[in-house]
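Here is what each chain is made of, one letter per residue.
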Amino acid sequence: MNSRTVRAWLRLAAVSIQEQRDYLTQLDAAIGDADHGSNMSRGFTALKTWLDTRDDDVAPGPLLMAAGVTLAAAIGGASGALWGTALRGAGAALGEDAEFDGLQLAAALEGALDAVVQLGAAAAGDKTMVDALGPAAQALREQIGNGAGLAAALRATRQAGEDGMKATALMQARKGRASYLGERSIGHQDPGATSTSLIISALEEAVNSGCD
Amino acid sequence: MIQSVDRASRILKALSAGAPERLGVSELSERLGFAKGTVHGLLRTLQAHGLVEQHRETGKYQLGAGVLELSAGYLDNNELRTRALAWSELLAVRSGESVRVGVPNGRGIVIIHHVFRPDASLQILEVGAVLPLHATALGKAALAYMPSEVVDEILSGELPRLTAHTRVTREALMDDLEGVRERRYALESEEAVIGDSAIAAPIFERRGGLVGAIGIAAPQERLADGERQSSLADSVIEVARSISRDLGAPTWPAVG
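Top line first, the protein sequences correspond to chains A and B.
First residue of the first sequence: 1, per my numbering; consecutive thereafter.
First residue of the second sequence: 1001, per my numbering; consecutive thereafter.
Errors might be hidden in some of the hints.
[Unchecked claim] Now the in silico label distances, taken between C-beta atoms and shown as ranges:
(1) B:E1238 x A:D55: 52 to 58 Å
(2) A:D55 x B:P1160: 41 to 47 Å
(3) A:L103 x B:G1059: 53 to 59 Å
(4) B:G1226 x A:Q26: 34 to 40 Å
(5) A:E142 x B:F1116: 44 to 50 Å
(6) A:R54 x B:N1105: 49 to 55 Å
(7) A:G95 x B:L1125: 52 to 58 Å
(8) A:E142 x B:R1183: 32 to 38 Å
(9) B:M1001 x A:D22: 52 to 58 Å
(10) A:A46 x B:V1150: 44 to 50 Å
(11) B:E1221 x A:E142: 36 to 42 Å
(12) B:E1221 x A:D57: 29 to 35 Å
These aren't lab readings, by the way, just hints derived from the structure by calculation.
Predicted, not measured: the structure shown is a model, and the values here were computed from it.
Each residue gets a CB set at the ideal place from its N, CA and C atoms; glycine is no exception.
All chains should be built: construct the whole structure from the sequences, respecting the hints.
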């Protein structure tokens, strides 16, 4: 995998978020300010436009780091700050290499997770994007470690992200504005975990589409 | 203490803590250590007053709509809230941001009034929400003017980390509270929620004691500009001062 994989990933993520924009907004309206869909959509659209201006020579790591800065500048609020830091964390983990393999991709997801956990002080079970990103990163690490092929490993990664996303419905929010609602936050799937799951699905799609 | 009133109160609290799950007679009896017959009798009485409802299919119990009436009565009787209504609207219109009024309660600050940001966006009502004192502008505006023994008591335990920016040591928070007293308003910068900032100022009553705080909340980038921040802070201070005056406070801020 290389920079083209990363570009395809971010573009596919933008398409998916654009498609699910109203759904994300609807989820957010139950426990937040109903702006998650429009914020994420605005940010990833800006990211897509920015990608069109970049040349292919940039290595995947620096590309992701610059994408993180772009995203954070394009949208405010929690989504911009958290996804900005997530992409920078992933990029930093990839280093300067022009190519990366499954193990490095696992390290990149873990880098994203660590950066988000650091900024948001969120733990598993707090009903945040960590509940989708954490299980996905763990699944990828385990699959690659057990010698699974990239396609199978990413299928498991996507599945773990989706399961994690669904599990947030039963959680009480302990971080973010939804935590102000206390027990009333139970019964609603977390919008941040949902967009995270979409972005992880886009990663699988990008790798499968043979952009490497 | 009247035993039956005490027990009835504990049943209501158990049902509130258990929500959204409903609880049956046996579960309540186990949790509270009362005999089943006692629980049953109390539930029947509370039900007659509309404070408890029984689910038709499962036979389990939940809080009744009567509780809502009682809490509405609390909100209506709260003099601070009454006085703050018009001023909050004014502040929301003037600042273009959402406005919240809170009163300290234990280690939190309870939102008793919330005016939405005056635009067409969907927002969620935060009345009844309990915000952390140490990590929010409303909380810090209150803490800065509470009696030091009360503050010591509140800060004696662990201060939960809510983001990378939360002040979790007593020293860092005390420094910040000193700044609040100098500026006369509190600033929250992604300490409670990533992406959220807020400005708040304290409200005092006729004896000069702190009763609560009022402030605006906005996405971080809308308060990042120093000039806008200080002009918004001026509006917040003006409104906090006006509400305090309406409540009969002799000075603002109160002389410690």
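If you check the beta carbons of E1221 of chain B and E142 of chain A, does the distance land in 36 to 42 Å? 39 Å, holds
Quick one: are M1001 of chain B and D22 of chain A within 52 to 58 Å, going by C-beta? Holds: the Cβ-Cβ distance is about 54 Å, inside 52 to 58 Å.
Does the beta carbon distance between E1221 of chain B and D57 of chain A stay inside 29 to 35 Å, or does it fall outside? 32 Å, holds
Return holds or violated for the Cβ distance of L103 of chain A and G1059 of chain B against the range 53 to 59 Å. Because 56 Å falls inside the window, the suggested range holds.
Is 32 to 38 Å respected by the C-beta to C-beta distance linking E142 of chain A and R1183 of chain B? Given about 51 Å between the Cβ atoms, the range is violated.
Range hint compliance [Cβ, E142 of chain A to F1116 of chain B, 44 to 50 Å]: 46 Å, holds
Taking 41 to 47 Å as the hint, is the beta-carbon distance of D55 of chain A and P1160 of chain B inside that range? At roughly 46 Å between Cβ atoms, P1160 of chain B and D55 of chain A fall inside 41 to 47 Å, so the hint holds.
52 to 58 Å was suggested as the range; check whether the CB atoms of G95 of chain A and L1125 of chain B agree with it. Distance hint for G95 of chain A, L1125 of chain B is violated at roughly 47 Å.
Could you see if the CB distance from G1226 of chain B to Q26 of chain A stays within 34 to 40 Å? Given a distance of about 37 Å, which is inside 34 to 40 Å, the answer is holds.
Just tell me: holds or violated, for the beta carbon distance of R54 of chain A and N1105 of chain B against 49 to 55 Å? 52 Å, holds
Is the hinted range of 52 to 58 Å satisfied by the C-beta distance from E1238 of chain B to D55 of chain A? Since E1238 of chain B and D55 of chain A have Cβ atoms about 53 Å apart, the given range 52 to 58 Å holds.
A range of 44 to 50 Å was offered for this pair. Does it hold for the Cβ distance of A46 of chain A and V1150 of chain B? Cβ of A46 of chain A to Cβ of V1150 of chain B: about 47 Å, so the range 44 to 50 Å holds.
Hints 7, 8 from the list above are not met by this structure, while the remaining hints are.
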